[in-house]
Amino acid sequence: MKFTPQDFKSDQEVKWCPGCGDHAVLAAIQRALPEISEELGYSRERYVFVSGIGCSSRFPYYMKTYGFHGIHGRAAAIATGMKVANPTLSVWEMTGDGDSLAIGGNHLIHAIRRNIDINIVLFNNRIYGLTKGQYSPTSQWGSVTRTSPYGTVEHPFNPGALSMGARGTFFARTLDMELQLTRELMIEAARHDGTSLVEVLQNCVIFNDKTHSIISNREVRADRTIVLRHGEPMIYGKDKDKGLILDGIKLKAVTIGKDGITKDDILVHNAEEQDHGVHMMLCEMQWPEFPVALGVIRRVKDRTYDDMVRDQLTEVANKSQIRCMNDMLRSGDTWVVE
Amino acid sequence: MPHKVIDVQDVVIRFTGDSGDGMQLTGSLFADTAAFFGNDITTFPDFPAEIRAPQGTLSGVSGYQVHIGSSAVYTPGDYCDVLVAMNPAALKSNVKWLKPNATIIVDIDTFDEKGLKKAGFKTDDAFKELKITHHNIIAPPITSLTAESAAIVGLDPKSGVRCKNMFALGICYFLYNMSMDHTINFIQKKFVKDQALINMNLKVLKDGYNYAGTVEAIADTYIVKPSKQEPGIYRNINGNIAVAWGLMAASEKSGRPLFCGSYPITPATAILEELALHKDLGVKTLQCEDEIAGICTSIGASYAGSLAVTTTSGPGLSLKSEALGLAVIAELPLVLVNVQRGGPSTGIPTKTEQTDLNQALYGRNGECPVAIIAPHSPSHCFQAAFYAAKHALEHMVPVILLSEGFLGNGSEPWKIPDMKDFPTINPPLAEKLDDNEPYFYPFRRDPETLVRRWALPGTPNLEHRVGGLEKNHQGAVSSDPHVHEQMVHERAEKIARIAHVIPPQEVIGEQEGDILMVSWGGTYGHMLSAESQLRADKIKVGLAHFDYINPLPLNTEEIFKRFKKIIVFELNSGHFVNYLRAKFPQFTYMQYNKIQGQPFIVAEIVEAINKIVT
Numbered sequence: 001m002k003f004t005p006q007d008f009k010s011d012q013e014v015k016w017c018p019g020c021g022d023h024a025v026l027a028a029i030q031r032a033l034p035e036i037s038e039e040l041g042y043s044r045e046r047y048v049f050v051s052g053i054g055c056s057s058r059f060p061y062y063m064k065t066y067g068f069h070g071i072h073g074r075a076a077a078i079a080t081g082m083k084v085a086n087p088t089l090s091v092w093e094m095t096g097d098g099d100s101l102a103i104g105g106n107h108l109i110h111a112i113r114r115n116i117d118i119n120i121v122l123f124n125n126r127i128y129g130l131t132k133g134q135y136s137p138t139s140q141w142g143s144v145t146r147t148s149p150y151g152t153v154e155h156p157f158n159p160g161a162l163s164m165g166a167r168g169t170f171f172a173r174t175l176d177m178e179l180q181l182t183r184e185l186m187i188e189a190a191r192h193d194g195t196s197l198v199e200v201l202q203n204c205v206i207f208n209d210k211t212h213s214i215i216s217n218r219e220v221r222a223d224r225t226i227v228l229r230h231g232e233p234m235i236y237g238k239d240k241d242k243g244l245i246l247d248g249i250k251l252k253a254v255t256i257g258k259d260g261i262t263k264d265d266i267l268v269h270n271a272e273e274q275d276h277g278v279h280m281m282l283c284e285m286q287w288p289e290f291p292v293a294l295g296v297i298r299r300v301k302d303r304t305y306d307d308m309v310r311d312q313l314t315e316v317a318n319k320s321q322i323r324c325m326n327d328m329l330r331s332g333d334t335w336v337v338e
Numbered sequence: 339m340p341h342k343v344i345d346v347q348d349v350v351i352r353f354t355g356d357s358g359d360g361m362q363l364t365g366s367l368f369a370d371t372a373a374f375f376g377n378d379i380t381t382f383p384d385f386p387a388e389i390r391a392p393q394g395t396l397s398g399v400s401g402y403q404v405h406i407g408s409s410a411v412y413t414p415g416d417y418c419d420v421l422v423a424m425n426p427a428a429l430k431s432n433v434k435w436l437k438p439n440a441t442i443i444v445d446i447d448t449f450d451e452k453g454l455k456k457a458g459f460k461t462d463d464a465f466k467e468l469k470i471t472h473h474n475i476i477a478p479p480i481t482s483l484t485a486e487s488a489a490i491v492g493l494d495p496k497s498g499v500r501c502k503n504m505f506a507l508g509i510c511y512f513l514y515n516m517s518m519d520h521t522i523n524f525i526q527k528k529f530v531k532d533q534a535l536i537n538m539n540l541k542v543l544k545d546g547y548n549y550a551g552t553v554e555a556i557a558d559t560y561i562v563k564p565s566k567q568e569p570g571i572y573r574n575i576n577g578n579i580a581v582a583w584g585l586m587a588a589s590e591k592s593g594r595p596l597f598c599g600s601y602p603i604t605p606a607t608a609i610l611e612e613l614a615l616h617k618d619l620g621v622k623t624l625q626c627e628d629e630i631a632g633i634c635t636s637i638g639a640s641y642a643g644s645l646a647v648t649t650t651s652g653p654g655l656s657l658k659s660e661a662l663g664l665a666v667i668a669e670l671p672l673v674l675v676n677v678q679r680g681g682p683s684t685g686i687p688t689k690t691e692q693t694d695l696n697q698a699l700y701g702r703n704g705e706c707p708v709a710i711i712a713p714h715s716p717s718h719c720f721q722a723a724f725y726a727a728k729h730a731l732e733h734m735v736p737v738i739l740l741s742e743g744f745l746g747n748g749s750e751p752w753k754i755p756d757m758k759d760f761p762t763i764n765p766p767l768a769e770k771l772d773d774n775e776p777y778f779y780p781f782r783r784d785p786e787t788l789v790r791r792w793a794l795p796g797t798p799n800l801e802h803r804v805g806g807l808e809k810n811h812q813g814a815v816s817s818d819p820h821v822h823e824q825m826v827h828e829r830a831e832k833i834a835r836i837a838h839v840i841p842p843q844e845v846i847g848e849q850e851g852d853i854l855m856v857s858w859g860g861t862y863g864h865m866l867s868a869e870s871q872l873r874a875d876k877i878k879v880g881l882a883h884f885d886y887i888n889p890l891p892l893n894t895e896e897i898f899k900r901f902k903k904i905i906v907f908e909l910n911s912g913h914f915v916n917y918l919r920a921k922f923p924q925f926t927y928m929q930y931n932k933i934q935g936q937p938f939i940v941a942e943i944v945e946a947i948n949k950i951v952t
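Residue numbers (the working numbering), protein chains in the order written: chain A, 1 to 338; chain B, 339 to 952.
Hints may contain errors.
If you want the footprint, here are the derived chain A segments under chain B, 3+ residues with CB under 8 Å [said to hold, decoys possible]:
hint	region
1	39 to 46
2	65 to 73
3	76 to 85
4	307 to 314
5	325 to 335
Selected chain A positions facing chain B (in silico; Cβ < 10 Å) [unchecked claim]:
hint	residue
6	F49
7	S51
8	S57
9	T88
10	V91
11	I109
12	R114
13	T255
14	A317
15	N318
16	E338
Keep in mind that the hints were calculated from the coordinates and are not lab data. Using N, Cα and C, we set each Cβ at its ideal position, and we do this for glycine too.
Please construct the entire structure, taking both the sequences and the accompanying hints into account.
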């Protein structure tokens, strides 16, 4: 059966603020799902959207799929249980920077560590929106918010670096307004066997407006971001004249044709390299020293938790004589009373 | 010297020593041997939280009490007939459990200056200091004898001396004319890769047995004849394993695969460990990053169609409270096993209490009722877990199974049931839309039970959303005041109506009259023994021991009406009695409470009743 984006829209009124970046992500996912369904042979009832608490966590209500709106921070744990219980489901976790990096940080890193085959979409607006504007674990140092009237004195998390640290197998990043790229990355995430983490740099129009605009404004976006593609040179810029090279053990942003740099000096992106050294550096790139990396930064193959659970069950069952409770209860140390 | 063999009805043996001395193993080997022989047994491991507290000190003393009988025994026994004390600290901290003419077996080698000092003795005569005068003392130099044996077997003295518990066990086997076969088999299996250790353990075991045959302190030996048991296949079982198996049985009877998300915590960990073994029956276990993930993975698994379970003890129940509320409002089946221990906070983790009842009843935000079932003996944990799962699955509710450390670690013989004697479990699975249902309404209810249907992801056309926000019957988020109030009432009423499918409360002993003893959970054995002792003393009481806490059996009020006085016994400050006061305020309740991390002793229950009578 062929689906259209319309098939994934629920009858619930979308209640995000006008201008919120979440609308674009919703549209991108609803456009990605027909394609994913066709490619992977999924019917609609196989999708489950799971969330925690926060603006982005209302997402499941807007999808005409199975959905579970959980509690703050716990979406990764709920999603993990679903996937282990029924590995045939396509499980999508919708979460935010507060939900997944503060209260739910523990579940996020352990989901990634286990490499359970779920897709995590992390809406990063660097603020607590639903509670009306408190700083989050990704708020920039010095951010003035309702709970940091004199500026935060906390170092922010970088979700990509966190994912690398937890031995993540898939990390991608997009901008909310890059609908086409987001759609593409959702398909990539769905294809990947293992935990896929997609960070969406998303704007909160009310409490943290323009937080990403220094890189995302249309006029500067091409010069301040780089869309990485596996197997292609790391070239960016409006005029495709900028690139990344390895300088010693560090990355360096360069201009092609300047200081003797040629196209051949530019690094070729290898998302499938097991060593995450370069991936980590790509995740950490910040404007103005570097362009901010978008696209699939890391995509490596590894065994997934749900597969290993299934294999172990089969292996143990094949070796065992026990087929039912009556067998089990009568095995081991027993005695008979005549 | 020929010994006289004297028949005894029952005997209580308490094995005590350093937590590294292997007392838990020694006690359980003795218990298994007695059970194989056909005695009824009840055991009570009583150990510290520290794995290896400073050697020889009072804080490191670990104990294992076994009560064996030629007829049914319901408790591990108040006081012991034999105390094995492997060091002075063990003797000192257990002297209070001695019967007046008890036999004491000590390793006299440990009663040196250093050992006595560590245990805080002021003189060089520990027995005199403890006023042990009328007891039969068997005091072999176990450490040095064991070291000598090690030399013979060719083992270094240090590893050899670790087997000294076998010496004490050998003495006990001689004393009670018990066969060493079961223990010998055990040793041969356990050390199959190390012949030297097999030889050593067997030698020390037999040395102890032979020593007992020659020592003058043992004039007579005893025999506890097999008890009359129903024919069948038996095994020893402790409460934690019984919980695991009861849940597995429910999985088989419901066709719902078992999933357990959990986090290790004393004294509940053994349930997770046991479930992890049974992958051959399709059991999935996930040792999570924390207690919250334990319950949340289970909630996810429940949504996806599993019989979902999470296991914990008190502090873990606190951590799981919010998520338990999620299961309540999402109306998903879930079994939460709480093996209670002494609190608050970390409290006394290895000791038993019934102090989580209030938390189980009330410990969540909002109007948040759950069903509560309390097992009453180690083997009853099987049935209680089975029915906790049955009610959870058939009523789409979380059920708390409120076990206790005393039950989880305690063991008794169990006649293995046949699964055909257990009912099938029929969860309300939805396969297609109802008539007049344009899309799946997740909270449309059965008018009689108020139970909603369970539509599993993967089922075509039943896509729906549930979650922590209040919703109407159609599943749309709603903050309508009337919808909220209605849903609150329906969730509570749904739990209350489980009362229609649970068995009526039974009363043991007098069916009406002056005094009704009321209790719940793991105190059953002690209450039952107290009732029979009171009956023997011609004091007439009834005993209502509750397994079902929420909802209560429908005839509870009617039972209370038949007695003039109601006295509620529990191992807390009065959680159940206050719950009853709120439910049935027309009655006056007396209460007897103990919060020492220890089970009741039968004598104190009897005394409490005697006080009321006189």
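Interface hint outcome for I109(A) [beta carbon to chain B under 10 Å]: Because about 8 Å separates I109(A) from the closest Cβ in chain B, which is inside the 10 Å limit, the hint holds.
Chain B covers the region 65 to 73 of chain A, three or more CB atoms within 8 Å, holds or violated: Our answer is that it holds, as 7 residues pass the Cβ test (under 8 Å) against chain B, meeting three.
Outcome, coverage hint (the region 307 to 314 of chain A, chain B; C-beta under 8 Å; three residues): holds (count 3)
Coverage assertion for the region 76 to 85 of chain A with respect to chain B, Cβ distance below 8 Å, three residues required: holds (count 9)
Restraint check, 10 Å cut-off on beta carbons, for R114(A) near chain B: holds (9 Å)
Proposed interface contact between S51(A) and chain B, which counts if any beta carbon pair is under 10 Å: holds (8 Å)
Restraint check, 10 Å cut-off on beta carbons, for V91(A) near chain B: holds (9 Å)
Chain B contact restraint for N318(A) - C-beta distance below 10 Å: Status holds, d = 9 Å.
Interface hint for S57(A), Cβ within 10 Å of any Cβ on chain B: holds (9 Å)
A317(A) as an interface hint toward chain B, with CB separation required under 10 Å: Cβ of A317(A) sits 5 Å from chain B, so the hint holds.
Coverage of the region 325 to 335 of chain A by chain B (three or more Cβ within 8 Å): holds (count 9)
Hint check, T88(A) versus chain B [nearest Cβ-Cβ separation less than 10 Å]: Where the cut-off is 10 Å and the nearest Cβ of chain B is about 7 Å from T88(A), the hint holds.
Consistency with the previously given hints fails for number 13 only.
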